[in-house]
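The residues making up each chain are set out below.
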Amino acid sequence: MEETTDINRELMLDANATAGLLYEIFGAEMTASPTECANCGREDEIGTLLAFTHGPGIVLRCSSCENVVIRIVQTSEAIYLDARGAVYLKVART
Amino acid sequence: MKPTLNWQIASITTIKPETPNVKTFTLKLPSWMRHRAGQHYDIRLTAEDGYQTQRSYSIASAPEHEGEVDFTVERIEDGEVSTYLHDVVLPGDRVEVRGPIGGYFVWEASMSEPLLLIAGGSGIVPLMAMLRHRAAAGANNPTALLYSSRNFEDVIYYNELNMLSKANGGPNVFHTLTRSQPASWEGYSRRIDEAMLKEVAGPLGRTAQAFICGPTLMVESAANALVKIGIDSNQIRTERFGPTGG
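Protein chains in written order, with our numbering: chain A, 4 to 97; chain B, 638 to 883.
Fair warning: there could be bad hints in the mix.
Here are a few chain A residues that sit away from chain B, every Cβ distance over 12 angstroms (derived from the structure) [stated by the list, open to error]:
{"hint": "1", "residue": "R12"}
{"hint": "2", "residue": "E13"}
{"hint": "3", "residue": "L16"}
{"hint": "4", "residue": "A18"}
{"hint": "5", "residue": "A20"}
{"hint": "6", "residue": "L25"}
{"hint": "7", "residue": "E32"}
{"hint": "8", "residue": "G44"}
{"hint": "9", "residue": "L52"}
{"hint": "10", "residue": "C68"}
{"hint": "11", "residue": "V76"}
{"hint": "12", "residue": "A81"}
{"hint": "13", "residue": "I82"}
{"hint": "14", "residue": "R87"}
{"hint": "15", "residue": "Y91"}
{"hint": "16", "residue": "L92"}
To spell it out: a stretch of chain B is covered by chain A in this simulated footprint if at least three of its residues, at any positions, have a beta carbon under 8 angstroms from a beta carbon of chain A; those stretches are [unchecked claim]:
{"hint": "17", "segment": "729-741"}
{"hint": "18", "segment": "871-878"}
Don't read these hints as lab results, they were simulated from the structure. In this text, a Cβ means the ideal position worked out from N, Cα and C, and glycines have one as well.
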């Protein structure tokens, strides 16, 4: 594999790492739930999304086309969720 | 009805050094819940001025081990949480945790396909939970672990892995040391590559379910190599550790 100097890529995680926050937002375990990328149409479990967690917000990208699927910003009063990169999210009833 | 995922205050019962940079912390939880091997907990620290920071740590213990949870944590230089756990915390201290969390990177003994585990450094931790669960549940699906470490003294759980591999139906355990090797080293001595994966994974066949956990670059190259040797990408699950941030 080619060497990369992109620090964001080196710090990249999987969306598994954001399971706790997603649970807080949706009230359900989300990482094994499917979603569809609005850009390329790939359907896969949320846990497969690439997670960039070292900025002020969290960005989850499609593992196939790397388009932004979900963005989350937390403040002391609220959590902001931008999921326009997803055609849908499945939230299991608990 | 699933219980909601609330923060709870756990107390640290024991701290066990594993390698010069890695310790296992055993936490007793007021409301322990059975986890699935591969899941993690979030650990949250709050400073006196209200500043909070949290990290996810993989569970090292088997779900069969009730009431307590083990976390094996590598000390990351400049890390906010791992340095606190390593340098400050003592048995009897308390930390806030929530979990178990995660449904993607999990293995259960009821999954009967051959199991291929690939670890880099402290990426062994969730895979160890799987191996401990497998042993506790008496599963006998063909299983192989390929574990890459820098030096021999960095290998976590070396003795336990040895014991597991010698047990009846135990996993085949392969080590590779990428930086330095002891004089009589019989394992691999290079980074994980396609040829190595062929030798390790070949006997498991193409239906093997693979779990890869380690630093991002190692996970990517191992996953790509697995696809090249014919394992379908749908059978490969990854969990990347950033090299920093703990």
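Hint-by-hint comparison with the structure:
1. R12: 7 angstroms, violated
2. E13: Its Cβ does come within 12 angstroms of chain B, the nearest being 6 angstroms, so this is violated.
3. L16: Its Cβ does come within 12 angstroms of chain B, the nearest being 5 angstroms, so this is violated.
4. A18: 8 angstroms, violated
5. A20: The assertion about A:A20 is violated, with a minimum of 5 angstroms to chain B.
6. L25: 9 angstroms, violated
7. E32: 5 angstroms, violated
8. G44: 16 angstroms, holds
9. L52: The assertion about A:L52 is violated, with a minimum of 10 angstroms to chain B.
10. C68: Nearest chain B Cβ is 15 angstroms from A:C68, so the label holds.
11. V76: 16 angstroms, holds
12. A81: 15 angstroms, holds
13. I82: 14 angstroms, holds
14. R87: 23 angstroms, holds
15. Y91: 18 angstroms, holds
16. L92: A:L92 is indeed farther than 12 angstroms from all Cβ atoms of chain B, at 14 angstroms.
17. 729-741: holds (count 6)
18. 871-878: n = 5 at 8 angstroms, threshold three: holds.
Hints 1, 2, 3, 4, 5, 6, 7, 9 from the earlier list are contradicted by this structure; the remaining hints agree with it.
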